[in-house]
Amino acid sequence: MILPMQDEETGAEPRVLSASICDPYLLLIRDDSSAFLAQMNSDDELEEMDKADSPLTSTKWLSGCLYADTTGIFSKADADNATPRTVMFLLSSAGALQVSRVLLLKPEIVGLLFLGLCTARFDQACVYCRRLVPHSTDTDA
Amino acid sequence: MQCYAELTPPTAVTHSLAIPFVSAQSNNLIVAKSSLLQIFETTIITAEVDNSQSATLHSTKSVAQYDSRLNDDEGLEASFLGGDAAFQKSDRTSNTKLVLVTEIPVSGTVTGLARIKTQNTLSGGEALLVQFKDAKLSLLEWDPARYNVTTISIHYYEQEEHQGSPWAPALNDCVNFLVADPGSRCAALKFGARNLAILPFKQADEEDIAMDDWDPDLDGPKPIKQETASSAVVNGTSNIEDTPYSPSFVLRLSILDPNLIYPIDLAFLYEYREPTFGILSSKLAPSAALGRKDHLSFMVFTLDLQQKASTTILSVGGLPQDLFKVVALPAPVGGALLVGANELIHVDQSGASNGVAVNPFTKQCTDFSLSDQSDLGLRLEGCTIDYISPENGQMLIVLSDGRFATLDFAIDGRRVSGLNVKLVAPESGGAILSSRISSLSRLGKNALFAGSEEGDSVVFGWTYKHTQASKKKSRAQDTLDYEDFDEDDIEDEDDLYADTTTSAAAAGGAAAAKGGEVVFRIHDTLTSIAPIQDFTHGKPTTPTDADERQNVVGVQSDLQLVAAVGVGKSGSLAVMNREIQPKVIGRFDFSEARGLWTMNAQKPVPKSLQGEKGTTAMGDDYDLSAQYDKFMIVAKIDLDNYETSDVYALTSAGFESLTGTEFEPAAGFTVEAGTMANHRRVIQVLKSEVRVYDGGRLANASRWLVPRLTTHRSWLGYDSANAGRRDGC
Chain A
60 MILPMQDEET GAEPRVLSAS ICDPYLLLIR DDSSAFLAQM NSDDELEEMD KADSPLTSTK
120 WLSGCLYADT TGIFSKADAD NATPRTVMFL LSSAGALQVS RVLLLKPEIV GLLFLGLCTA
180 RFDQACVYCR RLVPHSTDTD A
Chain B
33 MQCYAELTPP TAVTHSLAIP FVSAQSNNLI VAKSSLLQIF ETTIITAEVD NSQSATLHST
93 KSVAQYDSRL NDDEGLEASF LGGDAAFQKS DRTSNTKLVL VTEIPVSGTV TGLARIKTQN
153 TLSGGEALLV QFKDAKLSLL EWDPARYNVT TISIHYYEQE EHQGSPWAPA LNDCVNFLVA
213 DPGSRCAALK FGARNLAILP FKQADEEDIA MDDWDPDLDG PKPIKQETAS SAVVNGTSNI
273 EDTPYSPSFV LRLSILDPNL IYPIDLAFLY EYREPTFGIL SSKLAPSAAL GRKDHLSFMV
333 FTLDLQQKAS TTILSVGGLP QDLFKVVALP APVGGALLVG ANELIHVDQS GASNGVAVNP
393 FTKQCTDFSL SDQSDLGLRL EGCTIDYISP ENGQMLIVLS DGRFATLDFA IDGRRVSGLN
453 VKLVAPESGG AILSSRISSL SRLGKNALFA GSEEGDSVVF GWTYKHTQAS KKKSRAQDTL
513 DYEDFDEDDI EDEDDLYADT TTSAAAAGGA AAAKGGEVVF RIHDTLTSIA PIQDFTHGKP
573 TTPTDADERQ NVVGVQSDLQ LVAAVGVGKS GSLAVMNREI QPKVIGRFDF SEARGLWTMN
633 AQKPVPKSLQ GEKGTTAMGD DYDLSAQYDK FMIVAKIDLD NYETSDVYAL TSAGFESLTG
693 TEFEPAAGFT VEAGTMANHR RVIQVLKSEV RVYDGGRLAN ASRWLVPRLT THRSWLGYDS
753 ANAGRRDGC
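From first to last, the protein sequence lines are chains A and B.
Going by the working numbering, the first sequence opens with residue 60, and the numbers climb by one from there.
Going by the working numbering, the second sequence opens with residue 33, and the numbers climb by one from there.
Calculated from the structure, these hints are not laboratory results.
Just so it is clear, the structure is predicted and the values come from calculations on it, not from any experiment.
Glycine residues also receive a C-beta, built at the ideal position from the N, C-alpha and C atoms.
Please note that the accuracy of each hint is not assured.
[Unchecked claim] To list a few chain A residues with every Cβ distance to chain B over 10 angstroms, as calculated: (1) D91; (2) S93; (3) M108; (4) D128; (5) S151; (6) A155; (7) Q157; (8) V158.
[Said to hold, decoys possible] Ranges of calculated distance between the beta carbons of each label pair, as one might list FRET restraints: (9) K662(B) <-> S92(A): 29 to 37 angstroms; (10) H569(B) <-> T130(A): 36 to 44 angstroms; (11) N632(B) <-> E104(A): 18 to 26 angstroms; (12) Q613(B) <-> A153(A): 41 to 49 angstroms; (13) D91(A) <-> N152(B): 49 to 57 angstroms; (14) I77(B) <-> E104(A): 38 to 46 angstroms; (15) S92(A) <-> A37(B): 38 to 46 angstroms; (16) E38(B) <-> A153(A): 32 to 40 angstroms.
Let's have the full structure, built from the sequences with the hints guiding it.
The structure is reproduced here in structure tokens:
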């Protein structure tokens, strides 16, 4: 099957800049700084996740990466199920790093770190993260 | 000061300390390498030990006499391995390994470490007191929110008024050392010629102890305990009450006692209600040349931190002049052990002393009454001492050449009646260390970390070797060895453990009664290239085979650095490279490739065998019954800037290009490729769309061989530099 990048409303066809695959999710960052999240459903078909009014659509993103959190280092202490939760890291064009959990349709924000004018790109193999706490708003140069 | 570039970080371990730092339950090891502080976590892994390996002088694995019964968990090993288990049985043993948590370069040279249990640390663990060169102390704690170390406070004693007279030696010329009270009530820094700085720490339960005697009928209503935290900031000034320590004060040792003119060493003793330290000192400067004999004295003082006063508890004089160290001993032995170059003397809480002479020179250098073991011929200069087991008082002495010796106390009721030193035989691991060590820290019940400035630092552990007669005791002994990490055994042998503690106590602490000879083994190593005696650079060796030589072009570096490192038996050559030197096993040109992705895709299961959908977990677990195809998707840009992608399958003949699938090379440039849905679907992300392929349909294709690719044998490695840079790096 082919999943087109075409936006039905505007007819624009943004090109894909980078992608991150982490079973069962797929994250695409396109050249219009939008993020596209798709999920593999039970029929083994890929479909776009509905993320209507989440900050995912409103912010401009430079780079993003999915991470399978098997050790629970990014989950809160009250995590109940044992299946690895996928955590999504997104770097916005303003330099903010957003970490959220890709569980249900509405990703919740786990922590926010301001990285200044950092234009680093995420590579799936080298995600270096410090322990984030929900109330922490440290400035890191 | 940035006038130099550091090529390799410091590797010689100068100090080490075991402390629950990251949290109250963690078992951390702090290692100081001059200007680098490393924090390690310990983890225990089980590994197999080859029983058939014969013992060599420098064997690091278990020796042939290793008693396999010690590790046989209820005979499980024997039953699992079957009939030939008797010959080539490999035992499972546990190794304590170090895992690096973080490292902190400090500006300054670390000259001492101590652990302090303070209230209200951020992580719940203990605080670390670091002594720096000259006379500066830093109190550090772990901040779990930032995953790093923060400084609680800095104390320095380099002011002019502490220097004393103008002819007194400068701070760098004096031996400055830090000691901490085992009950964490205070820490003491001996600096300068004879100054002692005391840093008291607040204890949480000081007030509560006083309150226990409060009787409401007699003394009236109990006053509400003042919340000190609320009075933290009053009128904008921070209250001194919210720090874990009280203001420190400096004492001149001569105020404690006029005879403390030349202090040699001091240590805080265990089992006293108030902070109490024992100090080894003399009225005359120690000198072997001047023939001064037996002028040292050991005095014990109790400090009253509130009044800043001290009381002398006991004093032992006439001690040999070559004593250099005081080691405080916890219960049940108690007292202090004085270490000298030729003898060991134990002084207990009442002042009674017992000593042992370990070489023939002792008779000439002292008249102090000592028991004679001079046939051992040991030289105790530069030795380090720590506990093997505090319960029966067995201690380990690591000599200046790395050899092990054990020290046992003959305990008579509650008194120490004698000392016994024994060298550990090389067959029992007595020679596993090859150089002098600088520090010993206890990592677990049976593991110690030995830091060395002249060779590799190691984590070593020990087990007890039992004779045939004490087989029954060995079963009970196992529970002590396994206690820390083998929870499964605890449930079975809970009752045995209860018996063991009583039997061990009844044994009276003598090693002979315990029935075990200690066998040492290395668990983990921290490589060290110190001290570097000399170094030079040279070209690395090139392979003789012409094909292999072609393979390493552009990958192998042109120059290497070789250094002569280590001292004595730990001397070696260290070869250093700037980059990793991979062993190239194959290489081919693929100039138009720009990106490369490999994947395993599940072959479709025939409908008749298909089970329920959706029962498999969304994980990375490979389904053992499924068959897998190996694919490689390559994104190419050829000379005309025409972007295509290609798919190859890995077969026994090598990589073969696939045709007849639904994969369209002309669709464009692949941005990313991978598998999803538990390897059933192949995902290809193109610039303008995402394609999802069924793993099976890619495989059902006619294949034709690409001649260029099949001249190579089937291999999985390829030269990344030539195959094209990975997109995004």
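Please write out, lowest number first, the hints stated earlier that are contradicted by the structure.
-> Of the numbered hints given earlier, the structure breaks none, since each of them holds.
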